[in-house]
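Novice: So the protein lines, in turn, are chains Z and B.
Reading the first sequence from the start, the letters are residues 1 to 433 in my numbering.
Reading the second sequence from the start, the letters are residues 1 to 433 in my numbering.
A portion of the hints provided could be inaccurate.
Stated by the list, open to error - Heads up, incomplete: computed chain B residues facing chain Z, CB under 10 Å, no partners named:
no. : residue
1   : GLY57
2   : ALA171
3   : ALA174
4   : GLN304
5   : ARG416
6   : GLU417
If you're looking for bench data, these hints aren't it; they were derived computationally from the structure.
All of these numbers come straight from a predicted model, not from anything done at the bench.
Just so you know, even glycine gets a beta-carbon here, dropped at the ideal spot from N, CA and C.
2 protein chains.
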Amino acid sequence: MSRITALETFDVRFPTSRELDGSDAVNVDPDYSAAYVVVRTDAGDGLEGHGFAFTCGRGNEVQAATIDAYAPFVAGLEVEAVFEDMGGLHQALTGESQLRWLGPEKGVVHMAVAAIVNALWDLRAKREGKPLWKLLADMDPEEIVALADFTYLTDAITPAEALGMLEERRAGRAERERTLRERGLPAYTTSPGWLGYDDEKLRRLTAEALADGFTQIKLKVGADAEDDVRRCGIAREVMGPGPRLCIDANQAWDVPTAIERVRALADFDLTWIEEPTSPDDVVGHSVIARAVAPVGVATGEHAQNRVVFKQLLQLDAIRYCQIDACRLAGVNEVIAVLLLAAKHGVPVCPHAGGVGLCELVQHLAAFDYVALGGDLDDRVVEYVDHLHEHFVDPCVVERARYRAPSAPGYSSEMRRESIERYSFPHGAEWAGA
Amino acid sequence: MSRITALETFDVRFPTSRELDGSDAVNVDPDYSAAYVVVRTDAGDGLEGHGFAFTCGRGNEVQAATIDAYAPFVAGLEVEAVFEDMGGLHQALTGESQLRWLGPEKGVVHMAVAAIVNALWDLRAKREGKPLWKLLADMDPEEIVALADFTYLTDAITPAEALGMLEERRAGRAERERTLRERGLPAYTTSPGWLGYDDEKLRRLTAEALADGFTQIKLKVGADAEDDVRRCGIAREVMGPGPRLCIDANQAWDVPTAIERVRALADFDLTWIEEPTSPDDVVGHSVIARAVAPVGVATGEHAQNRVVFKQLLQLDAIRYCQIDACRLAGVNEVIAVLLLAAKHGVPVCPHAGGVGLCELVQHLAAFDYVALGGDLDDRVVEYVDHLHEHFVDPCVVERARYRAPSAPGYSSEMRRESIERYSFPHGAEWAGA
């Protein structure tokens, strides 16, 4: 038996705005940041759980303070009891009777729960000596169902339906795990297409991405309409007719504008339009989806919780479901969304990039494939080639495939030197700035 | 010319959980709190702007810290320029390029903007020597339209449509203002029906409310089903067949449960079911609305922004629109929702209670009536008889009518002694606890 002794938080910020990496129509100058938490125990095994909420810089101190607000509900708990009922703890945190008002289940409070829950999963996977995806994929269907919170979901999926789906697909697990280990997860890249990059850089990086083996590339759009046409033209010209081209408006448009602007890009054979409008507008997404077909609608990095995903799926508003590992309240809520998406036959293509998001979502996509099946190549995972060097177990992408992680844990642990150097405002990177 | 010199924040908490005031199926033990902000200037006129975000206790420090995160974008601004373009400042704050990630436009960040925007409106109304409702009601339609952010709304209402509505209804303003001053705003009471109260207290307080002139009473439901039937029976028995009985589930139910539980109360002639399910579930609310008619669906105290209200109205999911003065991003976003509701012909019945919410929403309901017309008695404003003594200009409710506020400002200013005594954790009320 061991106890959780402490949760230590850090405000870690990377000055990405200096080079306009990550710039888009709405996030014009992000400093990719992590409100980072380390969970320690008295087990004496040297293991810690690491988790974080991703933010864009300012406000990361608020996000860290919110993790602190939840810490008293976790510190002191018995580790083994927590691991026995991760679903219970997850619901206790998202439903905390006073903190709940600040959401409920959205924004800063929800992301704080994500950071803590993910840190606990990291610790559990390290203890069991497995990468997180494998830990989850080895569970019985009953265990998996018990992890998810079905509150507000039962009009779309019941625990019994989820159980049935997992049971039915259980037989193929071993083969899918083998396929995953052999082939890895397909990746697409957003690196060529940041809005702050000029045409020459876009052209060069697109060619490099193709040379690296990528068959799907995403461009940021949504500022100037003529720029969008020109930039899509450049990308498609460099890519030729085969590879998939996606665009991402990062919520820049109203519903009528979204329809008009996507239709204006019809010549470029787009696979998806991502975040065409407000992430809160499930009705708007469904209107856009009908109007811009055959271009598919993708969204999710700002979908605040499982209830929003439920509605997007109920309304046939998305053709690609883009979970975020830190905006949803951690692994548990992600599982609920994976089950919903599987029931609706919509592939999950996780949002990544930022800092550490690629490291996390590779586990989620791998679990999704092994436990829920379908076509491996449907689960195309975003890849952005930034900031991986700060992680102890960075993701490995070769020839546009994520290699299935093999180290125990959730790949969420940041190097100690990086935490120190980029701590805001007193780390070496910022103290001199 | 004058400048904003400082924003000072306070973490003020009232220990309401000690008596179970405010207890419901989800908020079982709230300590009504305010993350409070005072805006000061160098004008030398002795005027300050006061605003706050309401919370339920724990996490109020996070809410206050979030207001601090926005303060640098307001401190130093020229007051007159801010007042010239309140719509512009409102959008600059809700769209702040890095803080935006923490919402966007929801939860803690959105409520922080509310606190600041409301404080600025308080200051402006004090400067102009008018209660806020009158300041707004005296504006030209063009000025009013310029206050609202139509981003993501244009598929439901355009600025031109809003302008047309306001112009059309302008002729009746003077008469409606007279009616408002003579009759006040109709109030309903939630005080008898908190879930933590026993049957005897419910019976006694219901009788007292009727004796006080209330013709609409709201009960908390959503925990035990048999309790709901018994409690509704007691209230209806005491009330007789005339007065309106409403119930409030505070998000306790899934969609199928909500339908079943409301139908089980059909005998009690309910006017509305409030918050039957997740506030994020616009599709669910529309399903419930169709299934439980003739009982109307009401929601809004947790509707995070104008985009959620837009969808609730587009889907005919609500028959009563319950704006909150502090969850929406202040006066400006409330105006957008008032315009949306008016276009859809849905009456706005503000959420109040908590601490200071009654003081604020009386202004919003008064403006709504004067500027947008309709039936005065449709705008029934929640009233809870708690904590008003802490305000410099408390609302006055007599014979179940809110008297139209007359003091300059937004009635948002808390007494200095109360701020000090209830400051957490060092005020006298908490230091000894």
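Novice: Indicate, hint by hint, whether the structure satisfies it.
Specialist: Going through the hints against the structure:
The beta carbon of GLY57 (chain B) is positioned within 10 Å of a beta carbon in chain Z (closest approach about 4 Å), and the interface hint is therefore held. Because the smallest distance between the Cβ of ALA171 (chain B) and any Cβ of chain Z comes to about 31 Å, over 10 Å, the interface hint for this residue is violated. Nearest Cβ of chain Z to the Cβ of ALA174 (chain B): about 36 Å, over the 10 Å cut. The hint is violated. Below 10 Å, beta-carbon pairs count as interface contacts, and GLN304 (chain B) has one with chain Z at about 7 Å; its hint therefore holds.
Restraint check, ARG416 (chain B) versus chain Z: the minimum CB separation of about 26 Å is more than 10 Å; hint violated. The beta carbon of GLU417 (chain B) is not positioned within 10 Å of any beta carbon in chain Z (closest approach about 25 Å), and the interface hint is therefore violated.
Hint compliance for this structure: hints 2, 3, 5 and 6 are broken, all remaining hints hold.
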